[in-house]
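There are 4 protein chains.
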Amino acid sequence: MPVSAIAINCTLKASGEDESSTDAMIAVLSEAFGKHGVKIAETLRITDFNVLPGVTSDEGEGDDWPELRGKILDHDILIFAGPIWLGKISSVAKRVLERMDAFLSETDDKGRMPSAGKVAVAAIVGNEDGAHWSTSQLFQALNDTGWTIPANASCYWVGEAMGSVDFKDLDKTPDKVTETAEMLASNAAHLAGLLKAQTYPGVSG
Amino acid sequence: MPVSAIAINCTLKASGEDESSTDAMIAVLSEAFGKHGVKIAETLRITDFNVLPGVTSDEGEGDDWPELRGKILDHDILIFAGPIWLGKISSVAKRVLERMDAFLSETDDKGRMPSAGKVAVAAIVGNEDGAHWSTSQLFQALNDTGWTIPANASCYWVGEAMGSVDFKDLDKTPDKVTETAEMLASNAAHLAGLLKAQTYPGVSG
Amino acid sequence: MPVSAIAINCTLKASGEDESSTDAMIAVLSEAFGKHGVKIAETLRITDFNVLPGVTSDEGEGDDWPELRGKILDHDILIFAGPIWLGKISSVAKRVLERMDAFLSETDDKGRMPSAGKVAVAAIVGNEDGAHWSTSQLFQALNDTGWTIPANASCYWVGEAMGSVDFKDLDKTPDKVTETAEMLASNAAHLAGLLKAQTYPGVSG
Amino acid sequence: MPVSAIAINCTLKASGEDESSTDAMIAVLSEAFGKHGVKIAETLRITDFNVLPGVTSDEGEGDDWPELRGKILDHDILIFAGPIWLGKISSVAKRVLERMDAFLSETDDKGRMPSAGKVAVAAIVGNEDGAHWSTSQLFQALNDTGWTIPANASCYWVGEAMGSVDFKDLDKTPDKVTETAEMLASNAAHLAGLLKAQTYPGVSG
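Residue numbers (our numbering), protein chains in the order written: chain A, 115 to 319; chain B, 115 to 319; chain C, 115 to 319; chain D, 115 to 319.
Treat the hints with care, since some could be wrong.
Any copy will do: because identical chains look the same in the list, a pair fits if it lies in one copy or spans two.
Simulated pairs of lysine-lysine, DSS-like, Cα-Cα distance not exceeding 25 Å [said to hold, decoys possible]: (1) Lys-149 x Lys-310; (2) Lys-224 x Lys-153; (3) Lys-224 x Lys-185; (4) Lys-224 x Lys-310; (5) Lys-290 x Lys-224; (6) Lys-149 x Lys-224.
Hints were generated in silico from the structure; no laboratory data involved. Note that the coordinates shown come from a computational prediction; the quantities given were computed from them, not determined experimentally.
Full structure from sequences and hints, please.
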């Protein structure tokens with residue numbers, strides 16, 4: 115069963131400001147997913163939208179989250195991508211997770227959240243240290259909000275301690291990153307396919 | 115396809131010292147898994163064994179890890195259970211994760227780790243705060259070492275801030291815990307079944 | 115030497131929307147600090163301002179951070195207060211930390227950041243689990259950005275696992291919270307006084 | 115007032131097995147502290163001792179913690195040093211923190227823990243990512259157990275993502291590490307001196 119993917123880019127910068135290392139990492143994943151017949155339909159740059167603070171699915175006038183939420187839930191695989199700041203995921207990434215907190219009370223009659231049967235992976239870039247902590251934040255929060263995490267679901271790059279080189283400025287994608295991206299894509303595509311064919315049965319009330 | 119489970123209890127206490135709240139949580143999960151035809155074959159109390167420090171699969175004389183490693187990998191579902199100390203997983207739990215670090219270099223010809231196609235869930239207890247951080251530590255480290263995390267894969271209990279009541283001493287298991295255990299068991303059993311029937315294809319070298 | 119304090123409230127809610135549990139915790143600390151002759155000059159509710167995404171001290175038109183930054187640095191003690199969402203600090207709190215990242219490049223000729231000699235403490239509330247992880251996020255990020263952390267610098271309250279009671283709705287502040295607030299205030303006031311009298315000498319270039 | 119320091123090395127390896135990158139980082143700090151008249155009296159390699167699991171100050175027969183605890187508390191500054199495994203501090207480091215948990219119930223008549231007025235800093239090495247998360251674990255747990263954290267109290271080195279170069283094998287200590295070590299040492303020496311001259315007053319019962 116064919117599956118589709120969508121990416122979100124949680125950089126602090128708006129489109130057009132600057133090239134994004136996060137986009138460069140999404141491009142690596144896009145190529146890897148392509149080998150498994152999965153197209154990344156779209157990359158949502160979150161800072162291009164107005165995602166209001168809150169923990170519901172619609173925070174009212176001027177809130178762009180309902181539109182983003184709809185797009186994200188239209189696909190089988192979510193590529194949650196973003197940069198590291200102070201060792202952790204960005205405030206923009208945390209904002210998205212907070213809005214998904216609403217999934218906990220949007221369960222169906224089998225107790226399943228809107229994210230049930232969908233797969234999420236992490237794509238993290240930083241000029242230095244913080245990838246594991248960022249991944250841990252994403253995996254725990256995404257799992258709490260109903261997403262499934264395939265094996266080896268984190269692809270990341272950081273430079274040497276206290277460095278300043280960005281992923282987008284590397285001469286060439288390191289082999290380790292490409293290999294990790296390929297395993298991630300293979301695992302995510304396989305698992306999303308299995309779950310699309312047979313989703314979680316849930317629990318009867 | 116029937117799946118089987120094993121639990122590890124990462125309390126700091128040896129068997130016989132004291133009743134364990136972690137065992138009480140494993141009992142809740144055992145009942146929930148039972149409803150889905152999954153038996154927890156055994157609970158390994160890690161402090162009853164001598165798990166040497168290191169990051170290989172066999173640290174030599176006196177090391178009990180090779181035996182534990184074998185038992186864990188005999189099953190489809192790992193219930194990684196333990197207490198919270200200072201807001202985080204125990205040193206005993208961290209020791210186990212460090213030994214699984216060896217999986218990263220024990221891949222087959224498709225790049226798959228020994229944990230490929232196996233599912234892991236978290237069971238966390240504390241008299242107070244720390245469940246989410248502990249879960250994040252487990253999910254990130256278990257995923258790095260090749261385990262798959264089903265949706266809503268954490269079942270936990272903690273008391274009010276700075277409290278001292280233990281899970282094993284509660285009059286009754288809180289409904290929220292029972293409900294969470296049931297969803298966790300349903301999801302883990304389903305996902306382990308899917309992956310047992312069709313494991314990850316891996317990546318050709 | 116008399117010292118002064120300022121609080122920031124990183125709730126997701128704007129003023130007037132709702133009573134804030136974070137404000138209730140700041141009130142407990144205010145009373146404790148008062149016993150040590152320290153007045154909390156002001157509480158800045160961050161969501162009442164427009165703090166733009168970014169990692170500089172001024173992100174241009176419409177950015178309220180320069181005003182907040184000035185107010186925060188006018189005092190000797192920062193009470194960094196906020197709620198827990200998904201086990202972690204809020205996106206609003208992370209945004210503030212990101213803006214303080216600029217301190218790393220705003221050092222004086224002795225290498226000292228604008229926060230040098232100033233003391234920061236954490237005040238965390240949630241209806242459930244996450245205080246230790248939130249504290250760890252704050253302490254690491256605040257320390258990286260030059261703040262000093264006095265002994266026992268975290269005051270928190272969370273309810274039982276997966277609960278829904280808010281701190282503001284408790285009949286009475288738990289004794290443990292009051293005691294913790296008093297030790298925190300005593301330690302912070304003492305350390306801020308010492309550092310105000312004799313700040314860090316820094317390092318000659 | 116002259117202050118003294120002690121270091122603990124939380125590597126997974128016993129002395130004599132192998133050179134330790136953690137020792138190499140402690141050597142960098144030793145030189146930096148020397149410039150401020152602070153001698154590191156001793157480095158305790160924790161794996162050379164038998165630190166039993168538990169959360170009291172004496173776990174009975176065969177427990178080496180009472181001896182280590184005494185040595186640590188004989189000094190004004192603790193250099194908590196160790197490697198990163200799976201993005202986090204080692205099981206050996208967590209074991210030490212768990213034993214310090216006992217400080218919470220070993221307060222004097224002013225509510226002060228045995229660590230009151232003492233300063234702790236972090237020294238973290240890894241061949242790759244994890245320094246910020248490790249620092250956050252240490253700062254939160256050390257602060258909970260009564261230690262004071264001076265400004266910029268973390269010195270670390272990690273290599274590029276998924277790399278395998280060790281700190282001990284670098285041709286030369288990176289300038290950024292040396293600079294960070296100097297600021298850390300300057301801040302820790304200054305703050306420990308202030309607190310030694312005038313310790314926290316504590317809180318009257």
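- Numbers of unmet hints, in rising order: none
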